[in-house]
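S.K.: Okay, here's what each chain looks like letter by letter:
There are 4 protein chains.
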Amino acid sequence: MVVVMEKNATQAQIEHVVATLIEKNFDVHRSTGISRTVIGAIGDKANFDEREFLVLDGVSEVVRITEPYKLASRTFHPENTIVQIKDVKIGGDEVVVMAGPCSIENEEQIETIAALVKKSGAKILRGGAFKPRTSPYSFQGMGEEGLRIMRAAADRNDLLIVSEIMDRAQLDMMVNYCDILQVGARNMQNFDLLKALGKVQTPILLKRGMSATIEETLMSAEYIMAGGNYNVIICERGIRTFEKYTRNTMDISAIPVIQKLSHLPIIADPSHGTGIRNKVAPMARASVAAGAHGLQIEVHHDPDHAASDGAQSLYPEQFDRLMEECRLIAKAIGKRM
Amino acid sequence: MVVVMEKNATQAQIEHVVATLIEKNFDVHRSTGISRTVIGAIGDKANFDEREFLVLDGVSEVVRITEPYKLASRTFHPENTIVQIKDVKIGGDEVVVMAGPCSIENEEQIETIAALVKKSGAKILRGGAFKPRTSPYSFQGMGEEGLRIMRAAADRNDLLIVSEIMDRAQLDMMVNYCDILQVGARNMQNFDLLKALGKVQTPILLKRGMSATIEETLMSAEYIMAGGNYNVIICERGIRTFEKYTRNTMDISAIPVIQKLSHLPIIADPSHGTGIRNKVAPMARASVAAGAHGLQIEVHHDPDHAASDGAQSLYPEQFDRLMEECRLIAKAIGKRM
Amino acid sequence: MVVVMEKNATQAQIEHVVATLIEKNFDVHRSTGISRTVIGAIGDKANFDEREFLVLDGVSEVVRITEPYKLASRTFHPENTIVQIKDVKIGGDEVVVMAGPCSIENEEQIETIAALVKKSGAKILRGGAFKPRTSPYSFQGMGEEGLRIMRAAADRNDLLIVSEIMDRAQLDMMVNYCDILQVGARNMQNFDLLKALGKVQTPILLKRGMSATIEETLMSAEYIMAGGNYNVIICERGIRTFEKYTRNTMDISAIPVIQKLSHLPIIADPSHGTGIRNKVAPMARASVAAGAHGLQIEVHHDPDHAASDGAQSLYPEQFDRLMEECRLIAKAIGKRM
Amino acid sequence: MVVVMEKNATQAQIEHVVATLIEKNFDVHRSTGISRTVIGAIGDKANFDEREFLVLDGVSEVVRITEPYKLASRTFHPENTIVQIKDVKIGGDEVVVMAGPCSIENEEQIETIAALVKKSGAKILRGGAFKPRTSPYSFQGMGEEGLRIMRAAADRNDLLIVSEIMDRAQLDMMVNYCDILQVGARNMQNFDLLKALGKVQTPILLKRGMSATIEETLMSAEYIMAGGNYNVIICERGIRTFEKYTRNTMDISAIPVIQKLSHLPIIADPSHGTGIRNKVAPMARASVAAGAHGLQIEVHHDPDHAASDGAQSLYPEQFDRLMEECRLIAKAIGKRM
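Protein chains in written order, with my numbering: chain H, -18 to 318; chain C, -18 to 318; chain F, -18 to 318; chain G, -18 to 318.
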């Protein structure tokens, strides 16, 4: 941390800041320039609140120089993390695709879609059994029965499963069905849930919150990792901006940024990132071109009658064509799919 | 809902939209102008997804004309809701103040602060026992023991209590200690928690999420009310914008906007809304001037040694002076405090 | 500036950074901690681009420790600037009100409104002769003839005049009519215009851009001041956020923030800040309560037939009542109006 | 436009709205449902202010159903516009690349860079002679002399030229040197400049403002087109969000959105869109993958000593490799480069 004193800070103010830093276990380096004193403070804890120093008299600015996360940081773990589930590796040179409906609706639906996405090249089946709906009056998901039929469809089609967990009370049950547990954008800072997920070894797909900074997203990954579960995959799914034509603004640049800051895999969800079918394909292609380790895409064989999010679900033939295009793009940048 | 067709939409496309609307139980009114057809659709459900119609061929735009919330809407409940707890009424002409430390730290601390804020005119004691900290390495709160000592301090000083609930598993325990349960900004869309809170009758203080629209905030209130608990108080605490000098940008205009859209009380939290002590007083005054039904303010007798958020906590004498100023401002607009 | 090296930066990388800093005329202080080297760099220029160092190999982070503005900074000019025009002082203890129509429409209109706002206590008449309309098909303003009739109305009613300048070609003409020249939000970074305004001594009312940070706003003030015109008044008029119920989100906290960073007066424009009549009064009151040095408010005697912005213009009786309330609020915080 | 009345609107309020609409030349269609009256209003002007109806008593919501732009809209001009300059066509199947330094610095620099970018496949040379710098103390550009030497370098290397115009006073001079005139993000709503550009036939590269919505961007295009110049190219260059790791958040989804709403070509500027060298290539690739008609990229043979924006300029060999990758990506989606 660097504490910059005001131009006209008094000697007493400087001494007080130094004393406070020492009291809080920082090593202190003072440099006095022509116009200002700057105090370098080096500590071993990442979890201090820099505003505590900002409010001291005579302080002009306080700047932290370490990321507040550690286990998630590339500084502490320079090699890419590869999350492996059976023979699927997320985080390496292969772009891995998760596809399926927004909600699991019934046995026929999930089987039909599983077979279609498998044929097009997906490795993981997505589908929600517990749905975080903005309205209390909307379809809330099939619950455990949904997971049971999705597991069966996945097994028949040799696919892995990812599904969203909404409350830590669902954890013991869900680990029996799912290969990857998804934390939704709205729960990215549900810290009780994150702590519980740190206690299992099932890989976690952590979606960036709608207004979460990249740093906060990595801090939420840190919560899970601090509990002992290092299998965390980050997912960019659009942030909230002033623009109204799209539901969210997909922050494609988060992909290379996170790859620099962290060793964790990062995938993209253009379905939620845009919210409307005809924008999904361009944004999926853009994500692969920017270097994403994977994609999560909503696909439905009959989107007009989907129980939720039909408007952002691709038709199977659109998904198939998109996979073809993404394969070529992956190749163009030295990856495969 | 109004469905606007494209200028060059075909007759077949228009028929398909009409048929789809009828299939989904809407009454349909078609008006054909010189250049476009506009279809009015009237239904009795609030929970449809307008994007389902937006993706139909020939459709240019879809506009919903009803708010997606009902119980929280002033249309359905024109009179102000007044949440009454013992003799404290929130939502009427009196500006009610909740004050106290960020975290409950120990018996002496909470007693000292309770006595101070009571003397300055607060009616409700705030204090966190479970803390939603961004870092897993930060102080996570005293838990139930904290609630026990806060309850005792509140009782000794004739104050009510508000404290944050983070997970529905804490509910049965917390209702025994708290007069108001607070839902934090990060949990505003933790729908499992909201549903559980709908099952009790304890008043809920619902904080607007950092990037939640006003509509989404009212939808979260609707979740609680749909379960049967109508005692909901909304709290504006700052939204996320591009500006970096303040932690958040307090959206003071949300106060009159929510008062127009909803009958629920709306209070302001300038401590989290700004994140830094010397901005708390101006924003508290601004909130009262804009018509807020109450304030929530962090106060600590020794902020430099607070376990959390010391930098945004007022000194007792600052709080006392602020109360004096707010009293005059309340009077200037025909309220009292 | 502080340059933070990466944990595993090599000696050669550190040397290269130091050499680059010296080449660019910085004094260098190096501190090597257990895990990192941190380099303090002190220079006398404010206009460097810190990214030049960020891209050097081995650099983790670069932090500037001086504001990029100087003349606008309170560090360099600790006393409040008071802009005085005749007997009106902006920046002191009196809250000064500028009021009038969005556009000057005709002689009768401007005279009627001038008399009304004067009676309610306004000191300055506002009115646009050149209008920055989003649509090329909208009313673009009366031009010089408008200024002529506004000047006459102002003189008859003993008011000063503020009006917007849109292009530096209008400058020579406008200084003959106006007491204050306004730079609109859309032109806040029209640097050619700012430079031209630095060459005159007429006070400038600089509106914050819709997405301008506070720092950028002060940098635009710096442009004007660098040319020699120190009479700059800042105006907060709402920033762009994700919230859709209001046209803009008024950043009331910018008022105390700018008062800390700069010595320049800061006023508030709740008419543009909210965009809708019934939100103007609460936000005007909030601005005064937060400590604004003045207000700019749109008032029209017949808003339903206004040539522009009728929807956000107050009726004269609303304006009169608002002035009454603001007077009491100003008094509550030790100011007058 | 659709005017939705409140649930409890009176007959008199409805009549008043209808009368007001008729007075303003709208055709009115009234539909009365069980709970509300909805009024459809069809007019032939695009430049009304819908808020004028929103403030009428009894009105709940007002929704415009036509875009406020016309000449820029795909509705009125279904075919793609192709801007052709000599043998370069922007807006068709070929992805056209504009590359060069941020600022023109001297003859040797611009000649060196021109030759390099030509060799890698660029068709157009970019370079600034008038620089919109945030600080008045920064390098402001070489002015006309810069344009002269850039023109010579471009001619020697068979390249076209694009350069930024900052003030309408520069127009007569600049058309003599430039093939494309660029309007910078900060001047996107400098309406006097836009009007002047409508009077010439030189193609205009219009950069989206940092906080401009897509609709506002197209309205600025409309300003130019309304004057008679239909050769407008839109450029996405990043918008302002809460995220701090990147200077701006590039809104890649604006590319397909604008292609749906408008017939004008849309290109991407990943140099300003990210602000830092190592993010330029991934975002350039993403833009091509999303369907951009072209790219604008800053390239410098010696970025460490560039007069401006060196940190976001590519080294020539990086640019060359990027062109190679983009060529493959363009091919993957049926385009060429």
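Because the hints were derived from the structure by calculation, they are not lab data.
Nothing here was measured: the structure is a model prediction, and the numbers come from that model.
Be a bit skeptical, because a hint or two may be false.
Since copy identity is lost for identical chains, a pair holds within one copy or between any two.
To be verified - Restricting the straight-line Cα-Cα distance to at most 20 Å, the calculated cross-link-like pairs of lysine to aspartate or glutamate (DMTMM-like) are: (1) 70 - 139; (2) 99 - 89; (3) 67 - 160; (4) 100 - 306; (5) 51 - 68; (6) 70 - 160; (7) 316 - 89; (8) 100 - 197; (9) 70 - 60; (10) -12 - 196; (11) 99 - 306; (12) 312 - 301; (13) 316 - 305.
S.K.: Which hints, by number, does the structure contradict?
M.R.: Structure breaks hints 5, 7 and 8.
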